[in-house]
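Trainee: In case you want the letters, here they are:
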Amino acid sequence: MVIALITDFGTRDYFVAAMKGAILSVNPRAIVVDVTHEISPQDAKSASFTLRACYTDFPPKTIFVAVVDPGVGSRRRAILVETNKYFFVAPDNGLLSFVFEEEKDYHVFELTDKKYFNQNISRTFHGRDVFAPVAAHLSKGVETDKLGREITDFVRFKTDKPRKISENETEAEIIYADNFGNLITNLTKNDLPERFVLEIKEIIIEKYLEFFAQAGKGELFMILGSAGFLEIAAFKDSAKKILNVKAGDRVLIKKVK
Amino acid sequence: MVIALITDFGTRDYFVAAMKGAILSVNPRAIVVDVTHEISPQDAKSASFTLRACYTDFPPKTIFVAVVDPGVGSRRRAILVETNKYFFVAPDNGLLSFVFEEEKDYHVFELTDKKYFNQNISRTFHGRDVFAPVAAHLSKGVETDKLGREITDFVRFKTDKPRKISENETEAEIIYADNFGNLITNLTKNDLPERFVLEIKEIIIEKYLEFFAQAGKGELFMILGSAGFLEIAAFKDSAKKILNVKAGDRVLIKKVK
Amino acid sequence: MVIALITDFGTRDYFVAAMKGAILSVNPRAIVVDVTHEISPQDAKSASFTLRACYTDFPPKTIFVAVVDPGVGSRRRAILVETNKYFFVAPDNGLLSFVFEEEKDYHVFELTDKKYFNQNISRTFHGRDVFAPVAAHLSKGVETDKLGREITDFVRFKTDKPRKISENETEAEIIYADNFGNLITNLTKNDLPERFVLEIKEIIIEKYLEFFAQAGKGELFMILGSAGFLEIAAFKDSAKKILNVKAGDRVLIKKVK
Numbered sequence: 024m025v026i027a028l029i030t031d032f033g034t035r036d037y038f039v040a041a042m043k044g045a046i047l048s049v050n051p052r053a054i055v056v057d058v059t060h061e062i063s064p065q066d067a068k069s070a071s072f073t074l075r076a077c078y079t080d081f082p083p084k085t086i087f088v089a090v091v092d093p094g095v096g097s098r099r100r101a102i103l104v105e106t107n108k109y110f111f112v113a114p115d116n117g118l119l120s121f122v123f124e125e126e127k128d129y130h131v132f133e134l135t136d137k138k139y140f141n142q143n144i145s146r147t148f149h150g151r152d153v154f155a156p157v158a159a160h161l162s163k164g165v166e167t168d169k170l171g172r173e174i175t176d177f178v179r180f181k182t183d184k185p186r187k188i189s190e191n192e193t194e195a196e197i198i199y200a201d202n203f204g205n206l207i208t209n210l211t212k213n214d215l216p217e218r219f220v221l222e223i224k225e226i227i228i229e230k231y232l233e234f235f236a237q238a239g240k241g242e243l244f245m246i247l248g249s250a251g252f253l254e255i256a257a258f259k260d261s262a263k264k265i266l267n268v269k270a271g272d273r274v275l276i277k278k279v280k
Numbered sequence: 024m025v026i027a028l029i030t031d032f033g034t035r036d037y038f039v040a041a042m043k044g045a046i047l048s049v050n051p052r053a054i055v056v057d058v059t060h061e062i063s064p065q066d067a068k069s070a071s072f073t074l075r076a077c078y079t080d081f082p083p084k085t086i087f088v089a090v091v092d093p094g095v096g097s098r099r100r101a102i103l104v105e106t107n108k109y110f111f112v113a114p115d116n117g118l119l120s121f122v123f124e125e126e127k128d129y130h131v132f133e134l135t136d137k138k139y140f141n142q143n144i145s146r147t148f149h150g151r152d153v154f155a156p157v158a159a160h161l162s163k164g165v166e167t168d169k170l171g172r173e174i175t176d177f178v179r180f181k182t183d184k185p186r187k188i189s190e191n192e193t194e195a196e197i198i199y200a201d202n203f204g205n206l207i208t209n210l211t212k213n214d215l216p217e218r219f220v221l222e223i224k225e226i227i228i229e230k231y232l233e234f235f236a237q238a239g240k241g242e243l244f245m246i247l248g249s250a251g252f253l254e255i256a257a258f259k260d261s262a263k264k265i266l267n268v269k270a271g272d273r274v275l276i277k278k279v280k
Numbered sequence: 024m025v026i027a028l029i030t031d032f033g034t035r036d037y038f039v040a041a042m043k044g045a046i047l048s049v050n051p052r053a054i055v056v057d058v059t060h061e062i063s064p065q066d067a068k069s070a071s072f073t074l075r076a077c078y079t080d081f082p083p084k085t086i087f088v089a090v091v092d093p094g095v096g097s098r099r100r101a102i103l104v105e106t107n108k109y110f111f112v113a114p115d116n117g118l119l120s121f122v123f124e125e126e127k128d129y130h131v132f133e134l135t136d137k138k139y140f141n142q143n144i145s146r147t148f149h150g151r152d153v154f155a156p157v158a159a160h161l162s163k164g165v166e167t168d169k170l171g172r173e174i175t176d177f178v179r180f181k182t183d184k185p186r187k188i189s190e191n192e193t194e195a196e197i198i199y200a201d202n203f204g205n206l207i208t209n210l211t212k213n214d215l216p217e218r219f220v221l222e223i224k225e226i227i228i229e230k231y232l233e234f235f236a237q238a239g240k241g242e243l244f245m246i247l248g249s250a251g252f253l254e255i256a257a258f259k260d261s262a263k264k265i266l267n268v269k270a271g272d273r274v275l276i277k278k279v280k
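Residue numbers (the working numbering), protein chains in the order written: chain A, 24 to 280; chain B, 24 to 280; chain C, 24 to 280.
The reader is advised that the hints may include incorrect statements.
All copies of an identical chain are treated as equivalent in the list; a pair is satisfied when it fits inside any one copy or across any two copies.
Said to hold, decoys possible - Simulated crosslink set (DSSO-like; lysine-lysine; CA at most 27 Å straight-line): (1) LYS240 to LYS277; (2) LYS108 to LYS127; (3) LYS181 to LYS240; (4) LYS259 to LYS181; (5) LYS212 to LYS137; (6) LYS212 to LYS187; (7) LYS240 to LYS269; (8) LYS84 to LYS163; (9) LYS264 to LYS230; (10) LYS108 to LYS138; (11) LYS138 to LYS84; (12) LYS138 to LYS169; (13) LYS137 to LYS108; (14) LYS163 to LYS108; (15) LYS184 to LYS212; (16) LYS240 to LYS212.
Everything labelled a hint here was simulated from the structure, so no lab data went into it. On a predicted model such as this, the values are computed, not experimentally measured, just so you know.
Using the sequences provided together with the hints, build the complete structure.
Mentor: Here's what the structure looks like:
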């Protein structure tokens, strides 16, 4: 059974290794996969985007463990979300809001049974002491309702959606910049008129392409990216650097005839 | 069966996780190994060097998936190369030229049978939609000629070889700088006279050592590196920083008596 | 059987892949886990701290392979340490001193039997040619005394311990700064008086918290960290940046009434 990890721990320290050790100590046959550990410290929003963009690529029964957890040790709860196909283990801080949005059937459990935690539980590292061992027990077949009680008052954030601000204009935002400097917006295909241009920082981008190599080197264009969102890209160059923008910055879609 | 991945995706985004999810969805028993994902964006040359330097260390039947793919979505083909011992899956952009050079017996197939691709194929992310699932099917025993038709007009680049430019001089180049700042040239043992010095940026390096600790700290020297090429190194220091050079820069080997 | 790797190789080059290939060539069923490869070049001290902080989280029989090895190719020996629960393979350069300190029963073997090395042994990359294949053979059940002869004159460093310098003062040091900028000292719970303040760079830190979210954003405080040492932290901020300190810098614990 696959256990896939996403954290803001970085890969330089002992944190990720400690989680993997804790998992393999409970279930030596678990297949541990890294989604990423390079989420910026405390950036739950980027973690949400990243996990949302790839979780459906994983096999059924995959257990995702998401630890971006500034509230560790406080009264914030630890939760498990079970959908028809997957499990998600995380702090109850809104990180999993995308699951509540994307999935129709799900159950949320507060993780309360300490039998499935490490014997000693620190107040600073629940990745190792709570989330990893719970995921490992789950991967061995422990049933979800054994791990804690079902709850309905879990934390859920509203995802920022594009807003129609006039007959011909939709306001949206950059939600992520990837390794290539491509700028991912929160606009999906359904948010887009038949013909449109995009305005960002007083620059108008008109070109809408189907694949990267259609553009000239360094030329800015729009493309429907592999995560299902409209992206601003520059062929063999970084749109992020060219435009000097960041997550949260505003874009405007203008309908044209 | 081992599936080893090399890409320019970085490890911060969802790309690598999506590929691993796609592989494990087809073959949950595949053993997925990262060669590296930190190839500079679009730097097929570094990817070639890196894969060439380690592929023979892997067990027989390993499937290498190499994705440095600025042409994704265009008419560039996807190929599979089968040698006596290994498989390589990659875009047909010359990235695998080192295989055609190093190996004697090989067959190249264009990947055409969509049965072995993802159900939905984006035009921006064939790592997830084409290369990963094909590798996974291959690891389950699908035969190579089922995946597509054999071709002979694949893209192949000439590797830059050292050139003898006079009786006593050979011109070569830096092809890679590693994490320690060691500068790897394209010179192999056979390219070197019995006694020689190396000139780079008007600096003459005379010392040729067998292992690093023979040098004083910070001292520049030559060494036959673990990838089989002559390297310029500095003990406990970075030759790259000391010399301020980069891949592509010229070196000169001068025979001495 | 788990083989866990810690090196200063970085993840950009072919080094780690070559080690994994070498392991899987000997034992295709080995479960290879990365502790980290981002130890600063030649920084054996950080490697020691990192491995010490997580090795007990791994399952029994885990084989740790630690390669920070500036002396590769010289007369420095390669060793295997066997404890009641784990194996450690490393160059004999003091990197494993923490094992000799933490564990009571252990045996140290010099790795001498070339039957368990790669066929060709470079003088620059024993990670691939010696340590990886030895670990792989060990994971297949080869007995430790087959791999070499037991020795007692292995290299062992004294760990820097806090020193009581007056009735009310203990001098200690920063041994590591983690990804979040938390500063880890060499002070354990036993080194601390009932009530105390910490002085670093003429700044007095009085607050001692149990978990991170008890502090205000950016506020400096002390906390007993998940590696068992006293840490200086700043909630949602980097204590390292705020204080501009580094590993090796001095801290002073002052008893208060």
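Trainee: Please write out, lowest number first, the hints stated earlier that are contradicted by the structure.
Mentor: As far as the earlier hints go, not one is violated by this structure.
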